[in-house]
Structures are given as structure tokens and as C-alpha cells.
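Assemble chains E and Z onto chain L, guided by the hints.
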Amino acid sequence: MAYSEKVLDHYENPRNVGSFAKEEEGVATGMVGAPACGDVMKLQIKVGKDGVIEDAKFKTYGCGSAIASSSLVTEWVKGKTIDQALEIKNTQIAEELALPPVKIHCSILAEDAIKAAVADYKKKHEG
Amino acid sequence: MLKFPIYLDYSATTPVDPRVAAKMIPWLTEHFGNPASRSHAYGWEAEKAVEEAREQVAALVNADPKEIIWTSGATESNNLAIKGAAQFYKGKGKHIITLKTEHKAVLDTVRELERQGFEATYLDVQENGLVDLQVLKAAIRPDTIVISVMYVNNEVGVIQPIAEIGELCREKGIVFHVDAAQATGKVEIDLATLKVDLMSFSAHKTYGPKGIGALYVRRKPRVRLEAQMHGGGHERGLRSGTLATHQIIGMGEAFRIAREEMAAENGRIRALRDKLLKGLQDIEATYVNGDVEQRVPHNLNISFAYVEGESLIMAIKDVAVSSGSACTSASLEPSYVLRALGRNDELAHSSIRFTIGRFTTEEEIDYTIALLHRKIGKLRELSPLWEMVQEGVDLDTVQWAAH
Amino acid sequence: MFAPVYLDWNATAPLDATVREAMLPWLGTRFGNASSRHEYGRQARAAVDEARARVAAAVGAHASEVVFTSGGSEANNLFLKGAAALRKPAVVAVSAIEHPCVREPARQLRRQGWTLREIAVDGEGRIDAADWQRTLAERPALVSAMLANNETGVLQDIAALAADVRRSGGWLHSDAVQALGKVAVDFRALGVHALSLSAHKIGGPLGAGALVVDKRVELAPLIAGGGQERGLRSGTENVAAIVGFGVACELAVARLADEQSRLAALRDELQEALGALGATVFSAAAARLPNTVFFALDGIDGETLVGRLDRAGFACASGSACSSANPEPSHTLLAMGVAPERARGALRVSLGRDSSAAELRRFVETLAAQAQELRNLAALAA
Numbered sequence: 001m002a003y004s005e006k007v008l009d010h011y012e013n014p015r016n017v018g019s020f021a022k023e024e025e026g027v028a029t030g031m032v033g034a035p036a037c038g039d040v041m042k043l044q045i046k047v048g049k050d051g052v053i054e055d056a057k058f059k060t061y062g063c064g065s066a067i068a069s070s071s072l073v074t075e076w077v078k079g080k081t082i083d084q085a086l087e088i089k090n091t092q093i094a095e096e097l098a099l100p101p102v103k104i105h106c107s108i109l110a111e112d113a114i115k116a117a118v119a120d121y122k123k124k125h126e127g
Numbered sequence: 001m002l003k004f005p006i007y008l009d010y011s012a013t014t015p016v017d018p019r020v021a022a023k024m025i026p027w028l029t030e031h032f033g034n035p036a037s038r039s040h041a042y043g044w045e046a047e048k049a050v051e052e053a054r055e056q057v058a059a060l061v062n063a064d065p066k067e068i069i070w071t072s073g074a075t076e077s078n079n080l081a082i083k084g085a086a087q088f089y090k091g092k093g094k095h096i097i098t099l100k101t102e103h104k105a106v107l108d109t110v111r112e113l114e115r116q117g118f119e120a121t122y123l124d125v126q127e128n129g130l131v132d133l134q135v136l137k138a139a140i141r142p143d144t145i146v147i148s149v150m151y152v153n154n155e156v157g158v159i160q161p162i163a164e165i166g167e168l169c170r171e172k173g174i175v176f177h178v179d180a181a182q183a184t185g186k187v188e189i190d191l192a193t194l195k196v197d198l199m200s201f202s203a204h205k206t207y208g209p210k211g212i213g214a215l216y217v218r219r220k221p222r223v224r225l226e227a228q229m230h231g232g233g234h235e236r237g238l239r240s241g242t243l244a245t246h247q248i249i250g251m252g253e254a255f256r257i258a259r260e261e262m263a264a265e266n267g268r269i270r271a272l273r274d275k276l277l278k279g280l281q282d283i284e285a286t287y288v289n290g291d292v293e294q295r296v297p298h299n300l301n302i303s304f305a306y307v308e309g310e311s312l313i314m315a316i317k318d319v320a321v322s323s324g325s326a327c328t329s330a331s332l333e334p335s336y337v338l339r340a341l342g343r344n345d346e347l348a349h350s351s352i353r354f355t356i357g358r359f360t361t362e363e364e365i366d367y368t369i370a371l372l373h374r375k376i377g378k379l380r381e382l383s384p385l386w387e388m389v390q391e392g393v394d395l396d397t398v399q400w401a402a403h
Numbered sequence: 001m002f003a004p005v006y007l008d009w010n011a012t013a014p015l016d017a018t019v020r021e022a023m024l025p026w027l028g029t030r031f032g033n034a035s036s037r038h039e040y041g042r043q044a045r046a047a048v049d050e051a052r053a054r055v056a057a058a059v060g061a062h063a064s065e066v067v068f069t070s071g072g073s074e075a076n077n078l079f080l081k082g083a084a085a086l087r088k089p090a091v092v093a094v095s096a097i098e099h100p101c102v103r104e105p106a107r108q109l110r111r112q113g114w115t116l117r118e119i120a121v122d123g124e125g126r127i128d129a130a131d132w133q134r135t136l137a138e139r140p141a142l143v144s145a146m147l148a149n150n151e152t153g154v155l156q157d158i159a160a161l162a163a164d165v166r167r168s169g170g171w172l173h174s175d176a177v178q179a180l181g182k183v184a185v186d187f188r189a190l191g192v193h194a195l196s197l198s199a200h201k202i203g204g205p206l207g208a209g210a211l212v213v214d215k216r217v218e219l220a221p222l223i224a225g226g227g228q229e230r231g232l233r234s235g236t237e238n239v240a241a242i243v244g245f246g247v248a249c250e251l252a253v254a255r256l257a258d259e260q261s262r263l264a265a266l267r268d269e270l271q272e273a274l275g276a277l278g279a280t281v282f283s284a285a286a287a288r289l290p291n292t293v294f295f296a297l298d299g300i301d302g303e304t305l306v307g308r309l310d311r312a313g314f315a316c317a318s319g320s321a322c323s324s325a326n327p328e329p330s331h332t333l334l335a336m337g338v339a340p341e342r343a344r345g346a347l348r349v350s351l352g353r354d355s356s357a358a359e360l361r362r363f364v365e366t367l368a369a370q371a372q373e374l375r376n377l378a379a380l381a382a
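Line order of the protein sequences matches chains L, E and Z.
Residue 77 in UniProt numbering is what sits at position 77 of the first sequence, and the numbering runs on without skipping anything.
Residue 236 in UniProt numbering is what sits at position 236 of the second sequence, and the numbering runs on without skipping anything.
Residue 48 in UniProt numbering is what sits at position 48 of the third sequence, and the numbering runs on without skipping anything.
Bound-form chain L, shown alone:
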């Protein structure tokens, strides 16, 4: 399979790899996917008191496109409010990375990861 330059770049030099301590103030975690499906994404966001995402980190088990999608998302969510982050759509991710049709599910998973992380944040802070 031929990967786009951008996928290769994120794959070779993934941005924001790592984890925050779960109990840290403002940290929320979204974990999506399943090992049996071939990809698991963990996206963590660190949200400031103003509701703006200050930092993000990820770990991904999956193919090059899955790694690139989650790496890209960590860059995109930073500086956005949680509601703005929810506006990131899988089509934008797929377009940015020039994902082939068989890899669209990676961008969907990345979008799901954002939703899951935001939901976790809301559960912790509004529930």
C-alpha cells in the first residue's frame, strides 16, 4: 500500500506520544477500538479552567494510518475548546492525510477518540 507523505511523516515522527497521569487535574481519556479489530487509540486531553485544551497526548496500536490520524488529532485539538474539538470531522482528517478508502475507518476512529475524551471530561466535570 502506498502511504501519503503526510501519513509517513506522522508515522515516522509521531507528535505528542505519551500519557498524562490519569488523576492529574483536567485530564480526560478516550480509548476507542479493540485489539481484535486491529486498532486501539488512546487520546488524552488536558483541559484548562477556561475549557480550552492545553495539551494532548496519544498512544495507538494500529496501522500507519491509525497512528498518523491520532497524531494529527493531538495537534489539531490543542488550543481548541472542547466544543470546538468536537467539530473535527473524520472527513477533514482523511482529507488532510490523503487516506485511501480502505483506511477511512482510521479517521473515524480518531474522531471517535476525540468524542470519547470529551465525554470523559464532561463526565468528570459536569456529572
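Think of the hints as simulated: they come from the structure by calculation, not from any bench.
Please note: incorrect hints may appear among the correct ones.
[Claimed, not checked] When the alpha-carbon atoms are kept at most 25 Å apart in a straight line, the in silico PhoX-like pairs for lysine-lysine are as follows:
| id | chain 1 | residue 1 | chain 2 | residue 2 |
| --- | --- | --- | --- | --- |
| 1 | L | K80 | L | K22 |
| 2 | L | K22 | E | K378 |
| 3 | E | K90 | Z | K88 |
| 4 | E | K220 | E | K275 |
[Unchecked claim] Label pairs and their computed distance ranges (CB to CB):
| id | chain 1 | residue 1 | chain 2 | residue 2 | range |
| --- | --- | --- | --- | --- | --- |
| 5 | L | E126 | E | G279 | 51 to 59 Å |
| 6 | Z | P25 | E | K275 | 39 to 47 Å |
| 7 | E | D396 | Z | E39 | 34 to 42 Å |
| 8 | E | Q294 | Z | E39 | 26 to 34 Å |
| 9 | E | R170 | Z | E373 | 38 to 46 Å |
| 10 | Z | A189 | E | E127 | 27 to 35 Å |
| 11 | L | P100 | E | Y367 | 54 to 62 Å |
| 12 | L | P100 | Z | E328 | 28 to 36 Å |
| 13 | L | E54 | E | Y122 | 54 to 62 Å |
| 14 | E | Q294 | Z | A3 | 24 to 32 Å |
| 15 | Z | T115 | E | A22 | 26 to 34 Å |
| 16 | E | P221 | Z | R362 | 33 to 41 Å |
| 17 | Z | P25 | E | D143 | 50 to 58 Å |
Glycine included, each C-beta is placed from N, C-alpha and C at the ideal position.
Below, chains E and Z without anything else, positioned relative to chain L:
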């Protein structure tokens, strides 16, 4: 000096040995006769060379040259053997037995026969990839006419107990076909003692050219086949079509070299494989797929837990290897062979088949070991599964948000 | 080995030097399996795709319509058996002059309940118009008629047959193995459903051929397995031979116009000389390939003459290579109504790229001398 990518995919195909190419090239230049042309010297010369090659192929497996039929490759041989025997002996019964870990060329052929009204049993193998003889024995029915078991598995390299299965088949009067595409030059094959009726061979897995193979068809006791390719009546009517002289000559030479050099070569290759195995087992959470003892010397199939297969292949693009069999690698399905060995999907996905060959060097193995250490480390750094395992989470207890 | 003059190009053509050069890397450092997902495999896949485009272009087809096989025989088998496997048994019609690798598979279909209809030819070896109409009336589901006959070189009006078969709802296959490179072959213009091609008849290697097939034609594979060639032909691709086939197709088409007229001129000169020797040229009144002359000399056994010519340094044939193992007279001639004793005298000269006027003049001189000797011997015996 290393040349990249390092080729460690000798079970997908092998380079043509330069000695083989040297033998073939005259047949691509001054000699070009159609071996079926009986009316002039061009044809006679081609026919003579074809018969010499037949002797070389027969010699590697201790058979009579008259028992060797040329085909376009092992896939065609498997089709001809299984369909040919099933259709010829359908008056005796309609049941076929094979293994779940066979090559697609066998499995798809048997499935096609099922559509034609035959019945088939696809046997499970043990966790080590080997068939349990008791299970095989129990699967035999009074109407079983053909059993097809591969000599050496293409993915995990395990060697099936062909001699024992042969005894069983002969005793019950069942035609026994063996796909030996991955076995030639790797294991000693003696068809004078093995009770095998039909055996498929490929040239391009044994340093010969692509597009040529052979089928061994036993004469004593005689096994009969229905031809699958009809026409001019070449190959005693069993396989019509003009023979590719240069390819046949290449196969003959490749099999000659295999016969003369396999003992020494397998020793050298085994040492390289064992070095690779040792080097990779130093990495945590690795699992060798398939029996380590009952295995050809050049194969190492190993799973690296908590890294995903495709990203692994991407990470190690400096080495040309295979994840699963080359034929299925266009799809993202986990290897059906590893599944049949009881490996879960994750381990099947993260398996790499290294197959070492005639031109592999120690330097290449050293490089590969170092590369794998580095890349597996990096991917596990990225892997949420690895992180959870390090934290002591049992992944089997996690509720995954499947999508 | 001494090099006899080669006059048997319809059996096989020598490998073209350009084709050989194109093939050699694929027998050397570029050895990958086209199904492998690494660099070696990708190179091989790209080479197979490029060859596919070349073969398709040579016959005016789309690359996706080309299914590579091990040769023309397999392509013919694939069409007939593959198409029959997915249809209800009906009538299969093949011309009486087809190559055995069409006739035999068609015969095999009878065992699955198909009715075999043989289409008669006229005295010149062309499909007989009246019998063709009778055949159509039986509404054959599958029809196979060769574009050019391997022995006589006679060309059939395949486009007209295809239009008829389409109207009656059947599928027409044409074995174009002998036509490719000798006359223009256009898949679309012919309007056939499938076309068989072979590499080694056009200066390509032995071991490669293709079935060019309309995608609306459903076929079951003859060889099942890894799913190569859209599932229609499994087995590791013979990359070197496929590459050679592609290059050979390209060369054949590029040279066609010049070669066609050059060979026709040689052939006409040869026929004239043969006529002077009292030879009968079969199918002389029919549209034929420019390179083929099938003839007989009165009272002379073709097999014997071919043997003598071989010893004198000329390689030709008494019939097609495939059946030259058996001494039966040419089935093509018998189908044309030629008497068996006369058919036994037949000799085929087929020309190609290396053929020259000088060679043919020497051939005719030798032929005349050998024929005279045989006649003298016969006279002595009588």
C-alpha cells in the same frame, strides 16, 4: 555491504540461482525449438533437454522420470492432482480430507469440488501446527477417496508426518496427495519409501524460475487422473499445452543443485535461523508460531504481542518479509494458518514470517535483529496495549468499545 | 549445433533479442513474487501491470480484460470450460478446423451434458456459410472459431460470426494465437467475447499467454488457489515471461505493417516457385495469413519429405507441432474434404522475421531435388 531491502522472504519466492539462469539463457537465445515438433532438429534438441530436466526433478525425490508431469506451477499441480483424482475415482466415493492450514491452491480446489458434489473435511491442526494422526484416522470414512496434506507449511514451516499418513492411506486404499512446494531442497524426500501417490512441486521456491512446476504421479501402484487441460495430448495426455523449454531446463538445474547441496546448505541456513531466533527471543512477549523441532531450517514465524502487524511491516521496511502468506497479504484478514494454530487475532496480526535462503548472510541477520529490537521498542512506546500490560492490566478483562 | 533454415514459425518463433533483454532482469535481481507487499513484490507487480497494458493495447482491449495464462492452450481451455461451468448445459459449437486445445475441451463438455456441434468448412477451409446458418439455428451458447488457422493460415470473418452469435445470445470465443502479429487483431472491432493469445508465436517466450475476455462474460477458473488474475487464474505470476509477452506484443504491433507486406511478397514468390514444381497450395483462394503456405506435391509423403528436408538443413512441418507426434493426416485438410492420401503429402512452410528471399530460393531448389529423388526411388520400387 548490505543491500536494502534485505530479502528474508524465500518462501514467497526465491531468486533464480545464477547457475540456473546460465543454463536457461541458451534456451532463450540460440535454442528455441518447440519440444513437440518432431520433424526437425530444433524440436528434438528441446525434447532431449526436457527429458534430462525430468530426470533431475525425479532424482531429487527418488522417483522415476516417467512419473513426473510438467505443469505451470505448484498451484496447477495441486488443482490437477486433487480434481484429477477426485473426478477419476468418484465412482468409489466422494469424500476428501485436507487440513485447515493448507495453501489456498489446495483449499480453494477442494471447495470447488464441494460445489461439484464432493464432500470435504478440513481438519484442525494441533497448536504446534501438526496434524494429529488419530484425528486424521478418525476422519476417514468408507467413501474417502483423496487425502491432501502439505509436506511443509508455507507460513510456519512445520513438517507434517507424511510417512505415517502415507501408510494409513495405502492401508485404506485412499489416494494421497502431498503439496511439496515448500519442501524441495529443505527436507529429504524419498518417494521410493514414502507411500505418496501424487506430489506437487514448484521451481520458483527452490531457486528455479516462475511459471513451471511438476506433478509426481505414481506408477506402481498406479494412480489415475482425469486431465484438467486438454489439447495436443502433451505429457501423456495429462497436461496439454506447449512446454516452456527454458523454464523446464531451469527447474531441472535448480533441482539438481538442491539435491547436491541441500545437506550443506541447510546446515548453514539453520545456523542463521537459530541466530535470528535467539536474537528476537530477547525481545519481551514474543511467540514462535509452529513447532520448533518439526520444522524446516529456514523458517521463523514469530508474533510480537502488543504491536499491530501492518505498522510493524511498515517499521521494518528495510527487510522484505511476509506477514502471513504472500497470496493473502493483499487483504487485511489475519492469517488463517495462525488462527488454525489457535493464535488469537492480535497475535496473528503481529506475526512476521522470516524465511532465510541461499543468499542470506550473517550480516543481514545481525542487522535484522538490531532493527527489530529498535522498531518493536518504538511501536510499544506507542502502544496503549503495551502500556496497560506494563501497568498490570489483563487485556482479556477489558471491555473494548468495538467499532 | 548447426543451424537449419527455420521455416516453422507457426510452431514457435525464436525469442526476439529485445524481448530477451527485457526479460533477463526478472530472472536476475528482480525476482519478487508479485503478490508480496514489499519492494521486491511491488516491482514485480508493476512489471506485470505494465505488460498487461501492453498486451491489451496490442489487441485494442482494456488492461482489465487481460487474464494471463501459461499459454494459448490454457487460455482456450479456460474459456470453454470456465464459461461452461457457470451455464446450463446447451450447445457448444466449434469449427471443424480448430486446434486440439479447443476441440478437446469442447469434447470434454459433452460429459457434462453439453451437445457438441462441429461447424463445417468449405474446400478452402473457410467456415461454410450454409452450415453456419444451421449452427446458428441451434442457438449455441458457446461458439469457438479460430481467427487464423495454424496449418492453412486461413482467416475467418470473425467479426461477422461474432455479430451473428451476439444476436442469437451466445458467446463467441476466437483463438487468435496464430493471427497475432501477422494480421491486425482488434478485440473491439472483432466484437468477440473472448480472444486467446500466446507469446511464443510472436517472438515472446514460451510459457505465457492470455485470455482477453469481456468482463460481462462470467468464467469459473480452471486453476483455483491464491486468487491471482481477478481469481480467474491462480498461481504465482510468471513475471519474466509476462514481461517478455508484453514487449513482444508491442514489437509485433509496431512491425506489423512492414512485416505483413514483406512476408506476403516472400510468400507469393514461394507459391509461384512451388506452382512451377507442380505443387498444390491449399486454401490458395482464401484470405490467409501472409506467412503461411500449406502445400502438397503429388505422390510424395509429407512426413518423409519433411525428414529429408530436415537433414538437408530446412526445418518445416508436415502439420501442426502438437499433433506431429501422431502420423494422422492433417484434420484441417480432412475437414476441407481433401482426400487422406493427398493430405498425407502436405507440408507447411511458415515464415517469420528472419525469413529471406535467398533462403526460400535455396529451399525451393532443395525441395525440388528431394522430391525428384523420392520420385526416382518410387519409380525404382515400382
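Now for the hints, and whether the structure bears them out:
{"no.": "1", "hint": "L:K80 / L:K22", "in the structure": "holds (21 Å)"}
{"no.": "2", "hint": "L:K22 / E:K378", "in the structure": "holds (23 Å)"}
{"no.": "3", "hint": "E:K90 / Z:K88", "in the structure": "holds (22 Å)"}
{"no.": "4", "hint": "E:K220 / E:K275", "in the structure": "violated (44 Å)"}
{"no.": "5", "hint": "L:E126 / E:G279: 51 to 59 Å", "in the structure": "holds (52 Å)"}
{"no.": "6", "hint": "Z:P25 / E:K275: 39 to 47 Å", "in the structure": "violated (32 Å)"}
{"no.": "7", "hint": "E:D396 / Z:E39: 34 to 42 Å", "in the structure": "holds (38 Å)"}
{"no.": "8", "hint": "E:Q294 / Z:E39: 26 to 34 Å", "in the structure": "holds (33 Å)"}
{"no.": "9", "hint": "E:R170 / Z:E373: 38 to 46 Å", "in the structure": "violated (59 Å)"}
{"no.": "10", "hint": "Z:A189 / E:E127: 27 to 35 Å", "in the structure": "violated (60 Å)"}
{"no.": "11", "hint": "L:P100 / E:Y367: 54 to 62 Å", "in the structure": "violated (31 Å)"}
{"no.": "12", "hint": "L:P100 / Z:E328: 28 to 36 Å", "in the structure": "violated (58 Å)"}
{"no.": "13", "hint": "L:E54 / E:Y122: 54 to 62 Å", "in the structure": "holds (56 Å)"}
{"no.": "14", "hint": "E:Q294 / Z:A3: 24 to 32 Å", "in the structure": "violated (54 Å)"}
{"no.": "15", "hint": "Z:T115 / E:A22: 26 to 34 Å", "in the structure": "violated (52 Å)"}
{"no.": "16", "hint": "E:P221 / Z:R362: 33 to 41 Å", "in the structure": "violated (55 Å)"}
{"no.": "17", "hint": "Z:P25 / E:D143: 50 to 58 Å", "in the structure": "holds (51 Å)"}
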